[in-house]
Amino acid sequence: EAQVTQNPRYLITVTGKKLTVTCSQNMNHEYMSWYRQDPGLGLRQIYYSMNVEVTDKGDVPEGYKVSRKEKRNFPLILESPSPNQTSLYFCASSFLNPGRGHNYGYTFGSGTRLTVV
Amino acid sequence: EDQVTQSPEALRLQEGESSSLNCSYTVSGLRGLFWYRQDPGKGPEFLFTLYSAGEEKEKERLKATLTKKESFLHITAPKPEDSATYLCAVRILPFSGGYQKVTFGTGTKLQVIP
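Chains as they are written, first to last, in my numbering: chain L, 381 to 497; chain B, 112 to 225.
Hint data in this document are derived by calculation from the structure and do not stem from the laboratory.
Heads up, a few of these hints could be off.
Here are the computed lysine-lysine pairs in the PhoX-like style, where the Cα-Cα straight-line distance is at most 20 Å [what the hints assert, rightly or not]: (1) K212/B - K437/L; (2) K220/B - K170/B; (3) K451/L - K437/L; (4) K445/L - K212/B; (5) K180/B - K168/B; (6) K174/B - K220/B.
Extracted from the complex, chain L is given alone in its bound form (with noise of 0.2 Å):
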């Protein structure tokens, strides 16, 4: 089955300890993005990949670090959490250049419910 798959579902954490939610797809989608989905700001990109070792900034990127050293996992990194990190947490994926039958449409995860105490 095509999906994406995002590690932990829920997560609670204290101020500063390091953390890592893992995001793979396995549709050999080049795209991988997150995002973060607060009530009443909608959907928000933290960070997004083009491809293996591209990455660069989405909308709203301090606090967080991203890799990809394989085209199917994109991890998430909070070095530091604060409570302003508590939020819902979206992997998305996509084809950067989509042939026939295909379309630039996101395949998202299931989320990952962090909350920073």
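Given the coordinates of chain L, assemble chain B onto it according to the supplied hints.
Just chain B now, with coordinates in the frame of chain L:
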């Protein structure tokens, strides 16, 4: 500044009562408009992509249309299982350069009452 605005924020319909959701946008360099469905606690699910004014796409009870300034998601004879939040997103190619950017609206929460 690029903006995507969805209305209404929430909509409550009786089963079978058709209606439309609106997504208006003010962007430069539009390269596609997307509709997604999001169920509580889940990731958004892709529904449609529209690329040019006048284009229409259909899937079951849903039909998406696009003009130069807005898109509509028409729901015909909705059923309770259509209850969800519907998100609109635009894909743009910034004139300043760089890669495509996708901006989401805040969504319309639809509730269909049996």
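Hinted pair K445/L and K212/B, Cα distance within 20 Å | holds, 19 Å
Please work out if K451/L and K437/L have their alpha carbons no farther apart than 20 Å.
-> holds, 18 Å
Has the given pair, K180/B with K168/B, been kept, meaning a C-alpha gap of at most 20 Å?
-> Distance of about 17 Å is within 20 Å: holds.
Under the criterion that the straight-line Cα-Cα distance not exceed 20 Å, is the pair K174/B, K220/B satisfied?
-> Holds, at about 17 Å.
20 Å Cα cutoff - pair K212/B, K437/L = holds, 11 Å
Quickly compare the C-alpha distance for K220/B and K170/B to 20 Å and report which way the hint goes.
-> Holds, at about 19 Å.
When each numbered hint is compared with the structure, no violation occurs for any of them.
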